[in-house]
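These protein sequence lines are chains A and B, in that order.
Read in order, the letters of the first sequence are residues 54 to 806 in the numbering used here.
Read in order, the letters of the second sequence are residues 828 to 977 in the numbering used here.
What the hints contain is simulated information worked out from the structure, not anything from laboratory work.
Ideal placement from N, C-alpha and C gives every residue a C-beta, glycine not left out.
Every clue listed holds true.
Restraint-style ranges between C-beta atoms, simulated for each label pair: (1) A:599 to B:953: 35 to 45 angstroms; (2) B:937 to A:357: 51 to 61 angstroms; (3) A:276 to B:853: 22 to 32 angstroms.
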Amino acid sequence: MDGMSAIIAEFLAESVENLDSMDSDLVALEKDPSSTEVIERIFRTIHTIKGTCGFLAFGKLEAVTHSAETVLAHLRDHKLELTVEITTTLLKAVDSVREILAHIEEDGTEGDGDYSEIEKELDAVDQSVTSRKIETSAEDEVGALAQEDPDSEPKPITTQSLGEEVTPETAKRDLGSKDSNAAEDSATPTVGESSLRVDISVLDLLMNLVGELVLSRNQISQNLSPESDPGLITASQQLDSITGELQEVVMRARMQPISSILSTLPRFVRDLAIASGKEVEIELEGQDTDLDKSVLEAIKTSLLHLVRNAVDHGIEAPEEREAVGKPRIGRISLRAAHEGGNVTIEARDDGKGLDSERILERALSAGLLNSEEAGELSRSQIEQFVFRPGFSTAREVTNVSGRGVGLDVVRTNVESIGGTIEMQSEPKQSTTFRIKIPLTLAIVSVILVRSGGQRFALPQASVVELVRLGRGDKELGIEKLHGVPVYRLRGRLLPLVTMSEQLGLSSSEIHQEDSIIVLQGDNRQFGLLVESIDDSQEIVVKPLGTRLAGLPFAGATILGDGSITLILDVFRIGLAAGVVSDARVRSLTADPTAPSHPTPGLKRVLLLQGSDDERMALDLSRVSRLESLERNRIEHVGDNLVVQYRGEILPIIDLQRALPERRTTRRSEASANADEASVVICTIEGRSCGLLVHRILDIVDADLSDSTSGSREGIQACSVIEGRINEIIDLAAVVQLADPSFFARNESTGGKT
Amino acid sequence: MNDRKQYCTLKVGELLLGIEVGQIQEILRDTSTTPVPLANAAIRGLINLRGQIVTAIDLRRRAGLEDADEGSPFMTMVLGSAEEPLALVVDTVGDVVEVDASAFESPPDTLKGEARRMIEGAYKLDRELLLVLNLAVVLDLKDSAKEPVE
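Bound-form chain B, shown alone (with noise of 0.2 angstroms):
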């Protein structure tokens, strides 16, 4: 029997990143953030998710990208296994795509810097490459602004 799994596909500027269905409490479109002054770079602000407050990752900003042009559109999945409500700021979430976990690869070595880091492996779908994310290293700030980008 193959072992299945289940991503769900989101996008930040030409990547086309998984996150593992299960990690993954709900998805939102236009949230209005706050803005934490001083704050790590890759901190977007703050959500309000029916009266709790979450901290959302630009992950744009957080792997190295340039920002997106003013105006335009975002989405944010709120995160549900993480220890405190987080959240990830994306350009688009797409279709939740099921993958044979045998096909998992290591990252292809075009992806430089803090993207790569992020990247756990890579999937082939039938047009395109989907690269799973590494959580835990996304989400870890402590290090991130000070790393250079190679």
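Only chain A is shown next, with the shape it has when bound in the complex (with noise of 0.2 angstroms):
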């Protein structure tokens, strides 16, 4: 019985491979009915599994595979047309088909299911060409009949040969036909030579062992000195570049390209389309792209999220793109491109992009945010919130305006395995996600730092940068904000996590923290302060028991010392902290560790030198970002200036020209040589500017109340900051000195309220 099983084995793995390119084949051929390689290359699939099923006794699926053999008959011989309705039935034979192969796979048996109806359904399409067959030409009758039994001997060749011209096609055919009984036969499409199945069992021991091997040559390398046998340290070193290799072979042996989860796409997006009363065509390039078995497993369903949100929420229905002047069909493509040590794939789709005023109005009533706040928000910060877990459950806004239907489900999932995911729309016009992972997971390469006495492993795809602190440093850098560590980063407020306090651990007194690993986790950045960094490394991840799940670890490695080290989950320990679960955007006023507006009467502002060494404050929650940027990227147009920002134009208003002079002193033009402009990003009623100054001194909260009135226009008032008269700008009225026409635009853009 053994083999069998084995022969049945071979069957199943063989059809359902066959089965996914047929679905995407009778996509195509839907578009294209001429095609006489794509039909004959699904004929030929449905043919073997028949042939084959007869063999080994399998009657339900037998009857179904006949009967849709018989629809393709005809469609191979140009008696029938392929309409939208006839590829539905025969994508719905393609299922069942899959559907009993399954049961068999479960428990060797075709399972109780009925498939009379599809069958009823096949049987129709072909009774529609026989009938009207018989009234035309009685040889077409014959024909057909032939080809509803390819069993009955001898074939009526001559008949159907008079009936038809013979061309290469037909003669093909017919020398299918004869042996359409025999199951494997040269027609069949088998494997290649030169490949081989493998079970992935298999590859993942392989790949295990490789993991161990690598380690026994790390543990031989570290007990190697320079006064080791010579002989000793030419086999190791032999062993070294011996073990590189078979690493990397195996890992390519993992490897499959990503069209194996992507050919089922075509077909998944007409069935949404014609469900949806839509038109869409789906692109796919880069399908030979390379990717390990575990990522492409992992980020399947994000993919599926992602062209299903593309269907329902982002391409319009036929008539609404033909109102707006787009073609009646919409795009959706997938790119997928090797980039360094990652894979790219961005899916983007021609629809009508995202509604940021229904986010916003969602975003304002699920109380994630306050009016107040809202103003200040830039269009691709609303944006973000569809991210948000819980946003997108929101039927109104689901409905009306919205993706969102699980996105936040989509970006854990694309981070959970080290990738990011970033999105960009264009209302009316498109909306892109670009989804960025790593080629493997089996072996990453991580930072060893040293917390709590502990050793510990940080995966390198998420860290930024590494920042040691001076002995002197240390009091300078990191302040506390309302009881929270910061970190000043280049005028930035990093929240810190101190790595051993979050994990428990005792510091010691010896050993004081003095490193901060800039993490990126979640779309944010925090710093996680640790006593030492140690080394980076390559290393083998190897899972926690069921026993530790739940902690903020994502495995565990063995060095080449031998002992164990614990992977963080940067996420999670993150997530722990408080520094990336926190429901606000991200932006230095919504800084997760500090209210924005911290005790009453105080008010956080952003400090500024004007080019007289003059002092300027800045309200810092209109403050959205501050920059540093070449200053060759700035450039006029007509009387403005403007700078292109995170693929938005962005007006820029000089604030030492904005103000009205005060007095005719030396302007120093120090800063205008400067190759490096900074630059203040405000939002101000709810678009964007920068406001280039002289330089940026610091954050720091101010005793506002006792003030004076401005001396000049563009100022609100005058106040002592830190020992020195301070003017507070007001910004909508420099925004109005510079550039009347700022606000009269956004009204007619149709920008918020």
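Mind assembling these two chains? They're in different frames, but the hints should get you there.
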């Protein structure tokens, strides 16, 4: 019986593979019904399954495939025009076949499903052809009957040939139908001689063993010293290079082209489009991009999700599209490509984009932010709300404006394998999602750190930069903002998490934390305070047991010295510390660790230095970012300055020029000559603009209650901050001064209230 | 014919415990464990067993006993039957004893709390009572930490 089950296993594996390609073939055929090559391929697949299952005594499967084959034969002979209905029927038949195959795989039987309906549907299609043919020509009828029962021999080849012109196609087909009952024949697509089917568990085992080999090699090379036996050293070096090569080859063996998960998409899109009354085409690019099997599995559902979103919410109904001057058929494009050690997948649709107003409305009603904050958000900031957990489930939003369905899940999935996801949307034009994922999960490079006297590994993918604090720096750099330690990194406040505290380890007196690892988790950066940063290494990730689930560790590894090191899950540690989960939009003002309005009376302001060494201050709640831009990026458009910033055109206002001059003293030109310009990105009335300033000094909490009124236009007041007189900038007035049409434009473009 | 069973004996504190020999893969001495912060208190840490990472459960802590004095010797029993690599850290591992299955008794009433739940039954040996561990309970850490010791 063993031989039999082996045959069945082989049959199943091959059939499933062929069926997957058949889905896309059918959809392709619908677009180009004249493609004889494609229809031949579909016909052969069904034919092979039919032949084999007859031989293996799977009656139901044979019946379904037989009916499907009959219809396909008509199509092949151009006796039948492929319509949407027929394609749907055929796809349904494929689904039935798949269902039966799944059953066979499970328990060896065909299951008790009833497939008479699909058979009837197929037969009805067949009937329509046959009856039509009876009226027209007797020859064709014989031909059709012959097709219906390919078992009947001899074939009426001559009759058929009389009715039709003999072409290479018909000749080939006749050859094909002669051996129709032989299960395996030369026409069947068989696996080429150069490839071999290998059980995935064997590959996994191989990968594990290579992992062990890497560790043993590390151990040997670490125990060698220059004084060691020269022969041993040479052998060790050789072992080193062979191991490296072996590792690479095994990794490659686990790679699969991304087409293995993309091939189902055309069918998926077609079904969705028909169900929602839309016309959508999907375009796949870079299908041969290789990815580790485990990574592929991990992103499969996320990709389906994005595509579903695009069809459901992105692409408009055909009439709607025509009304706005777009082609009737919506396009979704999916591009995969290698980029360094990563793979990027870009999913783009030319639908209506995101409706930021609806999103904002929804965010407001869900209490994710208050109306005051809302006015200060830029478009892209608002759009980020769709990644919020829970945001998506709101029905009103997803139906009317929204995208959102489970985008937080997509993001979590992508991030759980060390990837990132970005979104870009142009209203009424397009939405693009860009996923970046590592090639493999099994071997990762990590940074080894020490905390609480213990060694831990941090995946390098999430590390942004390392900062080492000198002893003297320590007091300077780290400060407490409302009880939360923060570090001022190039003008930005970085919330800090002390690793030993988070892990409940006692921080030893001798080892003071003096290194900061800037990490990226959940689109937000935070700093992890550790005692020391030791080394970076390539390690093999080993899973932790179920009894250690739910901890902020992604796995463990064995280092060269045989010791075990836990691999930190950056996202979860940030979550536990409350620096990544907070529902506020990331910006300086909405720093999760600090309330935006600290103590009553105190206001957080950005201190600026003018070119005359005068001091100015700007309400920080207006500020969304501080940037240092190359001066040559700032361009002139008419009288105005603009810069291309994050895919948008950002108007730039030169603060010094905008403010009316108070005195006519020398104005230092130093700043104009510098290569870098300090730009404060502000949000006003829902729009962004950049304030070109001479120098950014600091961010402080200032008491503005004791101030005098401003002495010139654009200045709200004057106040003493840090012992010096500061002019408090009235942003709205400055913008008005510099560009009187700024607010007018805002209204005409339909911006927010 | 009497049904004979073989148990590997081990000690934690004053308790003489037994695990069926078939459940044990190997016994190690002087293993170094890597502690796992924030893990269940009964988890002593991770052991490197020839490249395999094994989760080690401290039987003393699991049974609600006090920790042994620092530096006192311990032994590690690697279990062979579990679905994932697991080990038990005990004070000492003793001989293998063979008992008559018919002599199996319910656990003594003097046992209390978590220790009571972990014992399947007992065998009277010549001088001592051998308590048979219910491994399924011992290895289930889900609610052990919350279980109040009576």
